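A.B. asks: Now for the letters of each chain:
There are 2 protein chains.
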Amino acid sequence: MSSETFPIRNISIILVEPQMGENIGATARAMKNFAIADLRIVNPRDGWPNEKAKSMSVGAIEIIENAKIYDSVRESIEDLEYVYAASAVPRDMNVNYVLSRDLDNDMSGYKRLGIMFGRESSGLSNQEISYANKVVTIDTDVNFSSLNIAHAVAVICYEIFQKTNQRRDDLSNFPDLASHSDLDYFYDHLFSVLDKKSFFRTKDKKEHMSLKIRNLFNRIERLSKQEVQTLRGIITTLANDR
Amino acid sequence: MSSETFPIRNISIILVEPQMGENIGATARAMKNFAIADLRIVNPRDGWPNEKAKSMSVGAIEIIENAKIYDSVRESIEDLEYVYAASAVPRDMNVNYVLSRDLDNDMSGYKRLGIMFGRESSGLSNQEISYANKVVTIDTDVNFSSLNIAHAVAVICYEIFQKTNQRRDDLSNFPDLASHSDLDYFYDHLFSVLDKKSFFRTKDKKEHMSLKIRNLFNRIERLSKQEVQTLRGIITTLANDR
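Protein sequences appear in the order of chains A and B.
Residue numbering for the first sequence follows our numbering, beginning at 1 and increasing consecutively.
Residue numbering for the second sequence follows our numbering, beginning at 1001 and increasing consecutively.
Extracted from the complex, chain A is given alone in its bound form:
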């Protein structure tokens, strides 16, 4: 189970002049999925609070309610140690780039980090980017690189979250698995019935076919004891001459 608890305390998401409330709400939801809580908004176009932001946030309403509103990029990042500007477009400026894939290594060592996303229509200006320490770019098809803003936030938060040690261990509640001897009994059962019904025409063919059949069933991952019983029940039923 996780060594981190919600939220990941040192990451802030900064939306610069977002235009649509729906996207602010969707951003909050994506942040919460990946355990990031601190949302900052610079000059939201339609003012604040925003009803559409609330309704699109679904279960992440507290992120919307706790969002901080700023008048300028500069103010919004004052307390942060290191700031990334998300951008799909190479700039004619001497800035450093990192791919989202490599964000984790890049981020390590900072206690207060921010990631800045631009407006839907035109992203971040060069001026705004000049407040960031580095540009982070999501690797996309070069011919269609403009992501929906909430998608971009989702991908970046996903990347950050994957690296925080948190792993979902609740997916691995496996049933009582079959041992190889359970499987051997199954094969014995199957092959003896097949033999009786003349499935294997020659001894050579029997060797070859039983190997193939074994290879096939052996590729079932995590076969449970109960499933082996089901398979044997199938064989018994099928072979039952009535």
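Because the hints were derived from the structure by calculation, they are not lab data.
Predicted, not measured: the structure shown is a model, and the values here were computed from it.
Incorrect hints may have been included.
[As the list claims (entries may be wrong)] Straight line, CA to CA, 20 Å or less: simulated EDC-like cross-link-like pairs of lysine to aspartate or glutamate: (1) LYS163(A) x GLU1022(B); (2) LYS54(A) x GLU1022(B); (3) LYS54(A) x GLU1120(B); (4) LYS225(A) x ASP1092(B); (5) LYS1163(B) x ASP141(A); (6) LYS1068(B) x GLU1017(B); (7) LYS1134(B) x GLU221(A).
Here the structure of chain A is known, so what remains is to put chain B in place on it, guided by the hints.
C.D. replies: Below, chain B without anything else, positioned relative to chain A:
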């Protein structure tokens, strides 16, 4: 830079009973960002075509226009070799899981792959998941694991795209793999013979058992067409009353 050109030909995204056109459109946009073109939709709630899907797709309108519509999950995946079901929720079924992070290794070797996403309100049913070979889960905060559907598509397509550069296809000299329709014929065959032999005592039990059996055989990795023939030969032989 990517060595793949748009689109990544062997990946299909399947939306099962999506409710909101906006989400279908946002899904198409995310797919195009990550060079995936084949969209399939099973019973869209609001019918098809859908104007909201078109307007939300922004520059990905051709993906919407080329989307294929199906009446059932079964039909939608007939030509695919391996299908993932996206789910955030652990199921009380013996299915295999892979985290999105590990999808790339898991996928290698298949020529025709699908990833299935459920409806906004309730995801995929157990019945629908039983058509898939494996569940793919996006690692999220355990307390808030339900992603917006287009965010989930964006994250999965992002993961797939990040890895296409480095994929080594020279390791994978695989046989001619079974498609899901090959598998469906096998299940039809098996279930009809079992029915005739009164394996399923009640209708309830039939539904439950056939789901379990499907989950079991779906976990065989890289099942070839020839192996499906072998399985059908076994059924025919076993059921042969002499």
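A.B. asks: Determine for every hint whether it applies to the structure shown.
C.D. replies: Structure-based check of all given hints:
no.: 1; hint: LYS163(A) x GLU1022(B); in the structure: violated (31 Å)
no.: 2; hint: LYS54(A) x GLU1022(B); in the structure: holds (17 Å)
no.: 3; hint: LYS54(A) x GLU1120(B); in the structure: holds (18 Å)
no.: 4; hint: LYS225(A) x ASP1092(B); in the structure: holds (16 Å)
no.: 5; hint: LYS1163(B) x ASP141(A); in the structure: holds (13 Å)
no.: 6; hint: LYS1068(B) x GLU1017(B); in the structure: holds (13 Å)
no.: 7; hint: LYS1134(B) x GLU221(A); in the structure: holds (10 Å)
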